[in-house]
Amino acid sequence: MGTGFDFDYEHCTECQRCMIACSVAKEGHVFLRRSRISIVRGWPELPEIRVCRFDDCAGHPCVEACPVGAITSEGGLVLIDAETCTGCEACVGVCPSTAITMMEGIAQKCDFCGGAPECVSACGTLAITRKGA
Amino acid sequence: MASSAHDLLLRIDCTSKKVSTMKVDAALKAYVGGMGYGTKILVDEVDPAVDPLSPANKLILAVGPLTGTAAPMFAQSCIVTKSPLSGTILNCYAGGFLGAEIKFAGIDGLILEGQAPDWSLILVDDGRVSFHDAGPVMGRGTSETEAYMRASFGRDVRTLSIGRAGEKLVAMASVFTETRTFGRGGAGAVLGSKRIKGMAFRGSKGLDVVDRVAFSAAVAKNLEIIRSACAEQYNLLGMFSRVGTGAGVGLVNGKQVLATKNHLLGTWAEAAKIDGFSYAKNFYTRPVACYGCPVHCGMLHKFRKPEGGESWLRGPEYETMYSLGTALLNADPVTLAEANQVCEEYGMDTLTTGVTVALAFEMAEKGLVREPGLSLAFGDRASILELLRKIGEREGLGGILADGPKKAAERVGGGALSYAMQIKNSGFAAWMPTRMKGVALSFATSNRGACHKRAPIGAEITGQVDMDSKVGKAEMVKGIQDLVNASFTLVACRFHEFVSPHSLYVELLAAATGQTLSLDEFALLGERIWNLERLFNQGAGFTRSDDNLPDRCFEPMEGEAAGGPIISREDLSDMLDEYYALRGWTSEGVPTKATRERLGI
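Residue numbers (the numbering used here), protein chains in the order written: chain U, 1 to 133; chain L, 1 to 601.
Calculated from the structure, these hints are not laboratory results.
None of the values given here were measured: they were computed from a predicted structure.
Careful, some of the hints might be misleading.
[Claimed, not checked] Which chain L residues face chain U? A few, computed with CB under 8 Å, are given here:
id, residue
1, Ala70
2, Phe104
3, Ser204
4, Gly206
5, Arg227
6, Arg286
7, Val288
8, Ala289
9, Tyr291
10, Leu300
[Said to hold, decoys possible] Distance windows between CB atoms, simulated:
id, chain 1, residue 1, chain 2, residue 2, range
11, U, Asp6, L, Arg128, 39 to 47 Å
12, L, Arg128, U, Glu74, 39 to 47 Å
13, U, Asp6, L, Arg155, 21 to 29 Å
[Stated by the list, open to error] Straight-line alpha carbon distances no greater than 30 Å define the calculated DSSO-like cross-link-like pairs of lysine-lysine that follow:
id, chain 1, residue 1, chain 2, residue 2
14, L, Lys305, L, Lys281
15, L, Lys18, L, Lys205
16, L, Lys453, L, Lys29
17, L, Lys593, L, Lys470
18, L, Lys221, U, Lys26
19, L, Lys366, L, Lys273
20, U, Lys26, U, Lys131
21, U, Lys131, L, Lys221
22, U, Lys26, L, Lys205
Cβ atoms here follow ideal geometry from the backbone N, Cα and C, with glycine treated the same way.
Here chain U stands alone, though its shape is the one from the complex (with noise of 0.2 Å):
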């Protein structure tokens, strides 16, 4: 299995048990505008699906685009170091994916959750699933 996630969006009910799963694991509660995952609706149409795509995503253009090299990219694991970020949003518009939201001043996307992402694991109808699983 890869980094990265399968999306089925046909399944998707947009229930957003991915969303509240991902902000109780990153932010200890219930806090849908700091999830890392985002579930746009599109009626009639299928949503968007808002996360990072990490091996999926042609480039990494955020990696090229910011300028004090925060962000990086190890075998498809695309992280943001918080410690280093300034907070410039040079990487926000570039994101294809439109994952990475700026909170408290700074870039924040979805990690992987070290290897086992919760949006996954909450996930009842199999929408979102690791890469390849």
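Use these hints to put chain L onto chain U, whose structure you have.
Same frame as chain U, but now just chain L:
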């Protein structure tokens, strides 16, 4: 760690556009939230005799302590007001994402008072309230109104709105939130009377609980129960999960209690064309959920209109398959979807509106009413769609129907009242009191009229108890009414307790807020609220004689179900006597002093 209840409500005076906050005190806190808060506040602050559409009526929008948390199936929000349809106290519910957003905005709800000097939209932005001109969306449907609010206030707001029916004070006007509906009782007309076309909420805050470890454990346990149920082929929740609430049509048809053709028939072979399985098989279907819900009973369908062009609908729900389907002898799934859409855009309750159209068709059959250009024949597509529109516009015959089935039948006369399927002017939900005696007693005694949310439907339809027997029904109905009222303080989805034990409610509540209730206290809370409602309705002029059923319920059905046993007036009277006694009410249905003291009201 902080409580998931904010103990804070907003009081919005539409007349002066002044806003104040209301801290939840201990007396109100005892009512937990949702329906409890709404009922207590309305009863304390509004004269039961008030005209529901006058500025003196209030509308309370409240969520519960578990709304917005990680606990599943607590997505709904509650509106309590005095109903312009029934004249009783009203509580109604809508799922979706509105409730969670209200919590993320830092409040447990709000009280709307007065009447705005001009048509307004209200934005509640993290608890800050502002009024905005509704001019650009006046006369528009609910979806356009919601789209306008998102364009004006930001894509991330969650909204509620009324359509033209609410603007025109149609008695069964409802309030919509992204295709979910505060359906029953005309809350949309109350909002219209206050000249509030819509509201938008933005909540950017987090929501904690007092005991994260215990809460997470309770949530995990609950999720497991629900997911297991959904995985079972013949579990009702499982069927809802796969095809939506319309899964049950076949079962009810088989039991000969599928309300058809204005409750004349109890079975209909054509019904299989418009049930949940049929929609799932014949139309593009995608299950969509309310906030945090693993059941995802909402079904988004796409269909092609006869005139051409693709359209979509989230629904129809089970109750609408009856009210705009079987009740009207309409077996065309596309006509049903379109009828549902008309109700959605005009902002009308599909139940009471459909029941009223069925009444109109039967009145037309008997030569009592007519409408130029329409056959008003059962099953006629053009008549269904056009009459719905006319109700929403208060136009022609629609103007008579727009005040609800009882008032329309009284106005038309000619014996129409005997087959107006309503109680307290509120249209029947999809069940037949003619056969199901527990449902009969529930409908007759409901504080909001012909309500199915607190009826022993599951027990009677699945055969756990004999639907034709009156034995034990009074106790059963009282128990359900009390417990459902209690669960609506949280605000739990009505389907939650299909599989989850009530012990989980108090467990989740304690872990989330620190508020501890025993199961007995929980049921007593429901009973207290039920009695508060009853006293309010008594003040509004309701008596035992209003706890009744229309004549049709006491007459044999036609068609295949014709030979079945039916309820008699004596049966109903006996059950009422027993029920009143169990409740500690007089034989006239008035809570005694001793009962009021026992309940502390």
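Here is what the structure says about each hint:
1. Ala70: 5 Å, holds
2. Phe104: 7 Å, holds
3. Ser204: Where the cut-off is 8 Å and the nearest Cβ of chain U is about 5 Å from Ser204(L), the hint holds.
4. Gly206: 3 Å, holds
5. Arg227: 6 Å, holds
6. Arg286: Constraint on Arg286(L) satisfied, holds at 6 Å.
7. Val288: 5 Å, holds
8. Ala289: 4 Å, holds
9. Tyr291: 6 Å, holds
10. Leu300: It holds, given that the least Cβ distance between Leu300(L) and chain U is near 6 Å, below 8 Å.
11. Asp6(U) <-> Arg128(L): 39 to 47 Å: Hint holds: Cβ distance 41 Å, inside 39 to 47 Å.
12. Arg128(L) <-> Glu74(U): 39 to 47 Å: Because 44 Å falls inside the window, the suggested range holds.
13. Asp6(U) <-> Arg155(L): 21 to 29 Å: 27 Å, holds
14. Lys305(L) <-> Lys281(L): Distance ~18 Å between Lys305(L) and Lys281(L) Cα, so the pair holds.
15. Lys18(L) <-> Lys205(L): 24 Å, holds
16. Lys453(L) <-> Lys29(L): Holds, at roughly 24 Å.
17. Lys593(L) <-> Lys470(L): Holds, at about 28 Å.
18. Lys221(L) <-> Lys26(U): 21 Å, holds
19. Lys366(L) <-> Lys273(L): 28 Å, holds
20. Lys26(U) <-> Lys131(U): 21 Å, holds
21. Lys131(U) <-> Lys221(L): Answer holds: Lys131(U) to Lys221(L) is near 28 Å, not above 30 Å.
22. Lys26(U) <-> Lys205(L): 15 Å, holds
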